[in-house]
Each structure stands twice: as structure tokens, then as C-alpha cells.
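> If you want the building blocks of each chain, they are given just below.
There are 2 protein chains.
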Amino acid sequence: MTYRAPVRDQTFILRDVLNLEAYADLPGFEDAGIDTVEQVLEEGARFCEEVLAPLNAVGDKEGCHWSADHTVRTPKGFKQAFDKMVEAGWPALMADPAYGGQGLPAVVATAFQEMISAANMAFGMYPGLTAGAYAAIHTGGTDEQKALYLPKMGAAKWGGTMNLTEPQCGTDLGLLRTKAVPAGDGTYRISGQKIWISAGEHDLTENIVHLVLARIEGAPAGVKGISLFIVPKFLPDADGNPGERNKLACVGLEEKMGIHGNATCVMAYDEAKGWLLGEENAGLKLMFVMMNEARLGVGVQGLAQGEAAYQQAVGFARDRLQGRSLTGPKNADGPADPIIVHPDVRRMLMDSRAILEGGRAFMLWTSLHGDLARLSPDEAVREKANDYMGLMTPVVKAYLTDKGFKIASDSMQVHGGSGFTEHFPASQYLRDSRITLIYEGTNGIQALDLVGRKLAAKGGRAVMSFFTEIDAFVSENAADDALTPFVTGLKDVKDKLQDATMWLMQNGLADPDNAGAASTDYLHLFGLTALSYMWAKLAKAAHARIAAGDTDPFYANKLVVGRYFLERLLPDAGAHLTKLKTGASLLMTLPADAF
Amino acid sequence: MTYRAPVRDQTFILRDVLNLEAYADLPGFEDAGIDTVEQVLEEGARFCEEVLAPLNAVGDKEGCHWSADHTVRTPKGFKQAFDKMVEAGWPALMADPAYGGQGLPAVVATAFQEMISAANMAFGMYPGLTAGAYAAIHTGGTDEQKALYLPKMGAAKWGGTMNLTEPQCGTDLGLLRTKAVPAGDGTYRISGQKIWISAGEHDLTENIVHLVLARIEGAPAGVKGISLFIVPKFLPDADGNPGERNKLACVGLEEKMGIHGNATCVMAYDEAKGWLLGEENAGLKLMFVMMNEARLGVGVQGLAQGEAAYQQAVGFARDRLQGRSLTGPKNADGPADPIIVHPDVRRMLMDSRAILEGGRAFMLWTSLHGDLARLSPDEAVREKANDYMGLMTPVVKAYLTDKGFKIASDSMQVHGGSGFTEHFPASQYLRDSRITLIYEGTNGIQALDLVGRKLAAKGGRAVMSFFTEIDAFVSENAADDALTPFVTGLKDVKDKLQDATMWLMQNGLADPDNAGAASTDYLHLFGLTALSYMWAKLAKAAHARIAAGDTDPFYANKLVVGRYFLERLLPDAGAHLTKLKTGASLLMTLPADAF
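Chain order of the listed sequences is P and L. Residue 580 in my numbering sits at position 580 of the first sequence, with consecutive numbering throughout. Residue 184 in my numbering sits at position 184 of the second sequence, with consecutive numbering throughout.
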């Protein structure tokens, strides 16, 4: 079985749960009627299934090739697939129509992003990083910069990258050393070394636009002295075409456990010519425009890799004949039953599916709020959507990647010994997905961002809105018997999350280490609450279809998976609450040298 | 930081918790006074740290080399290290003195096995599999077979393997096809293909003794027609030296995600000469002698890989300067604080340590029961120890490997982006440890063995003994205030396990799928109970030392980690109980094609 994009599930969420049609008055949405969207996704699915998925193992086995002339060759077939993608206009799906983009809603682009990240995550990172750099230039660039870069980058004719990390600084950007010296003509000369630069050099695009964090000579120490620069590989000439080679080079590739098809570069800047993007010393804020895009994108990758791995596990479990059902043969004429008859195999598949279907709704629901934050004419809607984007971003990133990796690991487990060999794709999913827990801020950093920054922002307004929204859903649906287990489960987990939030507000203030000690359990409790809310919405929509006489088993199956979520995944909520309330004291007792 | 064997922790467990000296009247134990044992372990530690650990990354990067002449070359340095190991007599540690072994207790050998599996798991599999084959011949061989093979294999001059799996059968050995034809002279001709044969071919020993499951012509179908054969690579000549080459060959190596230093072979037997081991058609029973040894060994590997990965994470967390403590700088003169100041980093380290220290006690405690089952003069002791070995084996295997992999993954997480590169050892630990959840019976199979076979055996006698033992510990120590949290935690989790056991006995009979559906949660609840019991014993021993005036911080630290276990790991018990009681119905609802 190869990858099949979950268009059916995506359109159900977009149509029946998020009610996409209700937003037809927003710019971009007028062209995004659900039938159009379905067509776009079907076409995207075909591209991902037929062009990208077959290259996934190729990229893993072959990897990228660095040469002493500082060029990087991507795996066989990547360039042709990239050209096809550009030609079909996929990268421009969400780009600004003012710069040649199609201007479709982010929520539609996210659905496509899931497919590309499932079919070939290493490949998908090339256009993905470009989109992040695009967003930063779109937000912070001058009109001239926008006119020069956005049309090319929006179409993925030029690539884009993020250059943050240096050997001595990853999370802690205050330690950054790369220098920018004013050249006197309004440009700067950038010098320094950057590491782990995804897509830093490759043969897919005619130019690569590096966004580089650097410190202008004489700038304040720490994070307040960091600026962001546009540093293209080839300096655009007067016509906006790639001209003279800039003084930067990929001096090596990182050997990694996974995503071999993506070039992870060590970049050397040696008085490279750069243009300031945004304000001096305000680079970090702009970098976070990219970073937030990227974090959501990584959450999508986690889910996507989980989906792809799950599909392989299902295929294996249906085909592999081994042993007999505990309740008597189910394939009496065959030598053995398919292993999908075994409850413990199904446990892994159902665990995965309950996360994937609930997580997909959560991802698209969050993405829709991104659209509302940008596009709604109603300020109250924009404000709430903006609050939600801040609050949900670390949860989408960390929760979906933690679970995506767990699903990849369970998928390997369903395969038994075959999964550990490189003849089956389980190993690649496990290895590729593992990076999603780390990059764009480790999941621990996400948890700290959630409890340390996002909860407290604006007096806790965002999380209070979320509680209010859930309360309203609970009371609106309390009388609907068909939804009782979903409403009860949601109310219960929301109460736990509220309890945890209160505990954090009191104890995190008294001792910030309490917040750090609680952060990961809090984030997981938050994830369970968000997915419970999504499952309640999914169940409501499925019930509505069934009540309207739709006999497609899709809806009845949806309710089975939802009830499974309540019975088998939600019980972890209590454990998270108990653990997070234990505070920091035992954690902090041992001196560092006693570990 | 390189690997440091945890001799201090091991000797604390052997001396203070298991009270090794109390068994001095048992054969083998008379020479195993605690001071001697400590010396042996110290020497073993030096060998593992200095000789094996430096070869771990070499084995991973280089892998094994197969040639068209069917030879396999192990990674550079493996042969020299193996020769040193044989010369030092390490493999003979536990071997029977009647055949030239040292006859030390299994519990001591297990401690050494932890070190070897931590320092270099792929290397350790070569002597490890030999020990399994040794055990099968020791149990089921004729006097002649024992005299011929045991001295050589006990010293690891000859290697040994287990040949079970074929392409169409792994877990389900009833599907096995390899044939054995009587040659008329008491020997057999073995023909068939075996896959995933660890250490099936290599350059470390002068001979390799394959134990091969095959079906004698005309034998009953299914598992009742399977016999076990001794099939040496070189047929022993009249003097017992390697003679004529047997008709068997390694026809290829498996490409795997990890344990690259161990040769995973496809073996072809083409009328190879073999000798029946044990009775005709009773091969499976004898194979389980090997298998049970091997399962315990795999549990040890899981723990060992976790320990090695944990040590690397600690080293990184102490050295890596990044960000500041939430409560103000702790390294004010440096550019940043070491990341070990962060509560969420400590959470991962403390989670790991609470499992490792409790798990080490559980592993050694179980291993001591192996000694008692073999050696105790008291039949009641032997019987109970035997019951325990049956009951605990799947728990040691599955719980310690699940957790070992989790620790390896957390260790990578502590490393951040560095962990995903192959410059740090985190990736190898993650990749190597992943196989332990799969081989020698997947962890799902272990869980099914526990609930389907081990619980019910002899009317549930084994698990009832375990409850009685815990009850006795609880009442003996109920009045000791210093132990209150440990005793309370133990009583609570034991009550939950007992509740789950009763639920299983009632509902598993009504519908066997309920047992399958509950199995993995039950196994984890069992693991938490076993570790709670171990932590109560560890705490009691540490308190006794402190009460006696010993001021070594080792003991106070032990209590901190133990209380952390109670606060931060034990809360999962309730979630496991809730989940397992939901039964099989939702799991079994969807038809296979709806996945």
C-alpha cells in the first residue's frame, strides 16, 4: 500500500465541522467554495501520491550530495518533481494575489501541506521553508523588497531559508555572533557561521534567499541587538534576475538520523552582501513571524508522518498472516489469520487513528483561525483568532509531533521484525518524524512558551476565551443524548485543564520553576482538551449526517473512533494533572553533579 | 562523557537490597561474597568501558561486511575485542563448572550483561546468543552433546545461534517449513531458509553452532511437529575440532535501522548435517529454554541502552550553556547557564533515572529468582522462584524495553538538534534500542503471554504469591514513618493491579478478546507495581544506611529519586487501570477494511 491522501476526512472537516461556506465573504474564501476546495485537494492528492511519495525512499537512501565546489545535488528525481510542482502552481496556493499568488485560505493550504509532508517530508521542506521566508518578507519588507522577492518566492522559483542557529547558540539567540557591517551604501556585509540550515543549498531553484540573523556592529548585547537580513545566494541584477554570486557558501552537510533528502547545511558568510529586513535590532520579532509559521508547519509534519506511518501499518496488518484470532479462526481457509484480528494490534491502530482524526481537525481549526486573524472584518473576531493563534501554536507543534512520533513507533511495532529492516518504510517514518520534536524549538521550549508566555499574555485572555467557547459548546449540546459521552468527556477534561491553569497561575508566580516543572504535562493536558473538543465537534457533525439519512459508514466509523478516544486516550488527563501539581521541589533537589 | 558502568548502584542492590550474603550456602554463591562480586564487576566495568564502548560507534558506522563467498567480516576492532573477552574468561562467568565454567550466580552475570549491553549492544549479542544456545544444549543435550559443545560454547570459543524465523513465520511457528530428513545414521539432513538470524555468520569464533527448528518428514502439522537440531557450521571431527564445512551458508545480511555491528543473516540450509537436540517433535519446548533466557537478556538490553543514553544526556545537559535559569543565573560568569538548570530538562533526566534505578533492582531481583529456581535446596523456594521466573519474564522484557526506548528518545530530546545528528551517540542509542521492543517476541506478544498464559498458570499461583509477598512487606513496614510514602504508594498500585487481575479473570474468560485488549495496559500496570515494590525496598535499604550513620549522599539521593518515582511516574497506574477495563468491544467494532 502506498500513501493515500485523506481528502475524504479533510473535506468532511472543512465542510461539516468548520463550515467553510460560512466564510464566503472573506477575501480568498469567495473562490474557495467547498466543491472547488475538494477539487483542488483531489488534484493535490494525485500529485503527492504519484510524484512525491515514490521519491520518499529514494531521498532517504540516496541523501544529498555535497561537492567541494560548495554545490549540493538533491536525490535523483527531486529536481524533476520540484519543477512539476512549480509548474502546477502548488507553492502559490496561499501566496498573496498582489504578488502573483492564488490567495487561497491558509486552511486549504494546510490541508495540502499535510499531504506533501506525508508523501515526502524531506522534499516538502524545500517549499515549506520558502513559504516561511516569504511570510517574513511579506510582513517586514519594504515595497521594493516585496516587489523583488515575493513573486519569485511565492511561486517557489527562488527558495528561502531561515538562518538562526550557530554552534554556540540554538535556543538562546542572545549568544549569536554573526556580524553585519554597514557598507555605507545602505547594504551590509554579513560574516559568520550558521549551522543546521535546512535547504541552505540545493539544485532546485535558480536562487536561494537566505534570511540571516546577525548583530550590527555596535548593537546592544543579547537579543535586543539582533537584526534580520536578506542575503541572496545570487545578487539580483537590475532586472531582478540572479546576477553576481554572493560571498556565502555551504561548506558541508550534516549527517542526520533522518530527512536525508533535505540538505542540512553548514553555511559560511564571508562579507556577504545583505539588506536589512525590517528595523535595526528588531530582527527577532520578524524572525518569529517565520518561526510561528514554521512551528505550525512542523505540527502538520508530525501529524502527516503519523498518517503515512499508520497507513503502512494498516496495510501490513491486513496482509500479514500469522497466528489465529483469540476467538477462533477468521480466515479458516488460509494458513493463518491476518494480524489485524488481534486486539493488541488494533489497539495500536485505533490509538493512532483517534489522534490522527482528532489532530487533523485541531490543525485545520487552528489554521482557520489564522485566516480569521488576517481577514475577518470584525475586530473582535480578529482579536480572538489572534489570541488563539498564539495559544495554540505551541500545542499544535509539540502535541502533534510527540504523538506523530509515537504513531510512527507503533507502526513499526505492528510490522514486527520487518519494521526494523530498511525494506519497509516504517524505519524512515520513525527516523524522519523524530526531528519534528526538536526543530523550530524543542517540544520542551514549546511547553515553556505555552505556560510562561502564552497563558499569561493579556491577563490570560486567550485561554479564558477557549474555556468560554468550550463551556458554550457544552451547554448548547448538553441536552443531545447522542452526544452525551462526548460532552461529558469534554467537560471533565476542560475542568481538569482549568484546574491546572489555576494551579499554574498561583504556583508559577510563587516559583517560576513550578511552571517549568509542570509545562510538558500541562501541554499534553491541553492537547487532550483540544482533541476532546474536536472529537465532540466531529461527533456532532457525524450525527447530523446520520440523522439526515446519510448511510455512508464513514460517519458511523467516525463515532466509533471518537468513543475510543474518550475511553482509551482521555484517561491520561488525570495522570497529567496529578503529575503537574507535584511542583518543582523534587526535580530541583539533586545538585547537577549528582546526576 | 563516555559510558561508566553503574557498579556502585549494582553492588548496593546486590548487598543491601537482595542481601546476596544470605545465599552463601547455595552452589556458586559460596564463591560470590559481595566483596568478590564487587571486584569482578569492577574488572568487568573496566573491560566494557575501555574496550567495548569505544567500538560502539565504529560498529554502527561501519556495519558488517558480507562477501559472495558467504563470509561475514565484523566491524574493525570487534575481533580483537572478542579475543580479549574470551581470554579474560568473561563468557564463562555463569557457565557450568562441570564443563569448565566459573559457575557464578546468574544475578552476577546479569549485572555484567547490563554493562556489556550498554557499552556495545551489537557486540554483546554475539556472546549473548551463544549463552542462549548453551542453555538449550545444557538442558536438552545428551551427555555426548554436552561434552562436545558446552566447553567450547561456555568459553565463547564457538558461537551459537537461534534459527526460528522464516519469511512466512515469525511469531506463528506452526507455519514453519524447514525440513529434516533422517540420514539413516542417526543424523538428519536439514533444508530450508531462515531469516533474521543474529550472529548467523561472522569472523569471531572458529565455529558457529546453529540451533535450528525444523520439521522431520512426516511430522504432525503445526507446532506439534517441530524439532530442534544442532547444525554446526563446521562438523566437529573425532577430536572435537572444527572439521568439514557443513552445507549451510549466510546468503545475505539484513539492512536494519540499528545494531549494525551485529550480522543479521539470511541463512540457507541445503541438506546440512544436523543432530536432534532433545526429543523428536518437542523442539519448541526446548527452544523456549533459549527463548526465556533471551527474553530476560533483551530486557537487560533495554535497561542498559537506557542507562547509556541517560549518561550521555546528563553529560550534555551539564556542559551545554544555553539560556538562563527561570529563577536567575546560576552561572553568572558564563555566557549562559548549563541546561541542567531547567526543570523540563531535569524532568526527562529524573524520569529516566527513576526507571533505570528501579528497573535495575527489578532485573537483578528477577535474576536472583532464576538462581533460586535452579539452586535452592528448599522445594518451596524453588517452586515460588520458578513461578516468578515465568511471571516476570514478559514484564522484564517488555516493560524495560519500552521504557529503555523512551529514555533513549528523551536523551535525544535533551540534546536538541545535536541529538539528531550522527556526531552524537543519541541517534545510535535510539536506533539500536528500538529492536528490543520487537525481537524475541514483540512486546505485544509478551503482554499476551502474561495475561493469556502466565497469569492463569497453576490457578494463578504465581501472581497470588506476588501479592502475598507485597502484602507482607506492606504490613511489616507500615509502622515505619520514614517509609510511609513508599508503603502507601506500593499498597495503592498493588490494589490496582489486583483489581485489574480480577477484572481479567472474569472478563477474559467471557471473551478472550478482552484479555488481548487489556494486555499491554495490564503489563505496564504490572511493571509499575514491580518497580514500586523495588523502590520501597531500595528506600528501606537506603534509610537503613542513613540510620546507621552512613553519610554518603548516594543514599539521600536514592530517596529523592524514589519519591520522584512515586510522584511523577506512579500516577500512570490509574490511567492504565481505567483503560484496560474498557474491554474489547470498541476495538473490535470496525471491519478490517474500514481502517
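In case anyone wonders, no lab produced these hints; they're calculated from the structure. The structure displayed is predicted, hence computed values, not measured ones. Among the clues, some could well be false.
[As the list claims (entries may be wrong)] Partial list, derived from the structure: chain P residues whose beta carbon lies under 10 Å from chain L:
(1) ASP172
(2) ILE259
(3) GLY417
Just so it is clear, CB atoms sit at the ideal spot from N, CA and C, and this is done for glycine as well.
> Any of the earlier hints contradicted here, and which numbers?
none
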